[in-house]
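2 protein chains.
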Amino acid sequence: MISKKMNKLVENSSIIRAMFEEGKRLSYIYGEENVFDFSLGNPNVQPPENIKKTIIDILSEESPNLVHGYMNNSGYEDVRNNIAKYINKNNELKLTANNIIMTCGAAGGLNIILKSLLNPDDEVITFAPFFGEYANYVDNFYGKLVIVKSQAETFQPDIQALEEGINEKTKAIIINSPNNPTGVVYSEKSIKDIAKVLEKKEREYGTSIFLISDEPYREIVYDDIEVPFILKMYKNSFIGYSYSKSLSLPGERIGYIAVNSEMDNFEDIIASLNVANRILGFVNAPSLFQRVVGRTLGEEVDVNIYKKNRDLLYNHLINLGFQCIKPEGAFYLFPKTLIEDDKKFAQIAKKYNILLVPGTAFGWPGYCRIAYCIGYDKIEKSLEAFTKLAEECRSI
Amino acid sequence: MISKKMNKLVENSSIIRAMFEEGKRLSYIYGEENVFDFSLGNPNVQPPENIKKTIIDILSEESPNLVHGYMNNSGYEDVRNNIAKYINKNNELKLTANNIIMTCGAAGGLNIILKSLLNPDDEVITFAPFFGEYANYVDNFYGKLVIVKSQAETFQPDIQALEEGINEKTKAIIINSPNNPTGVVYSEKSIKDIAKVLEKKEREYGTSIFLISDEPYREIVYDDIEVPFILKMYKNSFIGYSYSKSLSLPGERIGYIAVNSEMDNFEDIIASLNVANRILGFVNAPSLFQRVVGRTLGEEVDVNIYKKNRDLLYNHLINLGFQCIKPEGAFYLFPKTLIEDDKKFAQIAKKYNILLVPGTAFGWPGYCRIAYCIGYDKIEKSLEAFTKLAEECRSI
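Residue numbers (this note's numbering), protein chains in the order written: chain A, 627 to 1022; chain B, 627 to 1022.
In case anyone wonders, no lab produced these hints; they're calculated from the structure. Heads up, some of the hints might be wrong.
[Stated by the list, open to error] Footprint (simulated), chain A over chain B, 3 or more residues, beta carbon under 8 Å: (1) 670 to 678; (2) 726 to 740; (3) 752 to 765; (4) 846 to 857; (5) 1009 to 1018.
Just so it is clear, CB atoms sit at the ideal spot from N, CA and C, and this is done for glycine as well.
Working from the sequences, and respecting the hints, build out all of it.
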């Protein structure tokens, strides 16, 4: 009855739902405080204090028909202008409102980019481990997601694998840094190497190959790490940004796309993003929150809360003998599972009331994702459960 | 460079943009107060006073991680429950939260319904004159929009045309009442006749044919007109609702889908809508405004403002000899143009600083759409311009 594409997805979603229901079942039996749900990337840190005040200021100072009304499908010009200036200040660029399209989060942004670029059977490359939604976003427009591997020791992109993955049908590459699920930040060298390969292949095939950088975690970084800014490093580049994590507003669906001024066919691409925003049904990014982010540029959640969580859990896992890269950003750990079968590992973890996601879901079996965007006290309490989990795994 | 589908749309959008720029040019030359822009369906009536208060209440009373956080892709359960109860009270139904999916306006709702239903080359029928976006929404999923005519005298659906338009590939019918562009409200008889034909054709072909009712104007009705409630009249029916017009919040992208409990494969359809909301990039309807509409059910803008506009302009046009159905809802007049060529008529209107949309844009040449959701004083001032327009047309 439902479409063939959706039929498969609904089957998968019922598995995820079953996991979610299992969490609720455990909470019901053992009490919510004794269940350690590391399965969801739902930020627990509060939005900055100023968000509430800014909303109230806007409602008092601006006309309701402006604040809640239609505007250009790309978003309010003054907001886009503010964002462009903010980016310029931090990156020595010369963007204007014309480079910015306000979107319903990064998910909305990625979809309108792909709608604008893809003809059926066009290929889009991403590096595993990867955020599983990319497969669905590409499939929405009848494209094909091609998955190439990262370097196993560092989770930096494997440049040779990228080069081998590109052919004349390759329309775009999606990268995600800071990365979900690994927490790794792509180095400047990695981005430059990607750019070099793409430029070479563009010349070889006489095509344009677009680099799409999905950056909802840009601000969630630790220890003074710098996230390289791709608009300075590759001509045909887009940034898909979201305020979901930097302002802890994931439900509000607010973000933007920044488009490189030097991009091939810049004017057509901008016009297409505009129309795609409209016809996919977004119409425009939610209006009040466009105005909110336009007034709160540079504000951020307290990243130290996540850092404390990371350090506590990371150190404990290392002491238990887990192999894990120390994440420089996002709020995920991606350790090797103590037994080879990651799905079985997740099953065993459940016995200790620990919920986590097998690496298989990210195209990288033998690992698991632990989302540490939960309360510090919860993590403290979970350490013993992880110890027991490690003991059981060692005894298998 | 951009995809083939988008290439065509970008060409069209540049024509619309040219019209928009023309309006700005006229405003620049003659002063904004002397340009009569009837081209956009952008509500000018203020949101109810209580919206602002409700937002502030929510920010004070509820936790920010709840108000701005992720929830189920279908939306907050308490909000969906409130909406279901509100619908039940007015329509003697037994909906629950399970029947309601919160969406990014009606545009988002229609897209996730079509994503859930359509395989490539499936057909969707609508009645001309029709909201042009339906063609794009259906095309997003490689479906084919089949346009059948309305009854020319009443703009009620032409049931025979519908019956002739249905074949074994027909997956859905989209109706829109109160209608954009005609302002007509479909009668109970019309809906019952549609239902009868669909039931007959379902039996004939052994298929399910879904009725999708796009209802952003449900509350914008005059003279105690009742808009029939399709969930009571046809089993395989969806309502796509939006608060854009009833609360004058079009920029906030907030609405819902109501799904008939008796629908074939109800559980799969609901699961699919849920997943489609996620993978098309909406993820969920904007969270704060979900909570706002959940607290303000039954609130409405002052429809009398639109009614006064309608009466003033309608009476004047009739006096000038225009043929026009008196609209019972929405905020559009759809008169026959005084010369046959509606595009030329719109060109001539521009000489008198009147901006309106040729009926051709709605698949109904020889007519034009006049959006009267602008200030009453602006309409008063425009009457003389309409008189001069009529004089020039009569002299051709």
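Hints versus structure:
{"no.": "1", "hint": "670 to 678", "result": "holds (count 5)"}
{"no.": "2", "hint": "726 to 740", "result": "holds (count 8)"}
{"no.": "3", "hint": "752 to 765", "result": "holds (count 3)"}
{"no.": "4", "hint": "846 to 857", "result": "violated (count 0)"}
{"no.": "5", "hint": "1009 to 1018", "result": "violated (count 0)"}
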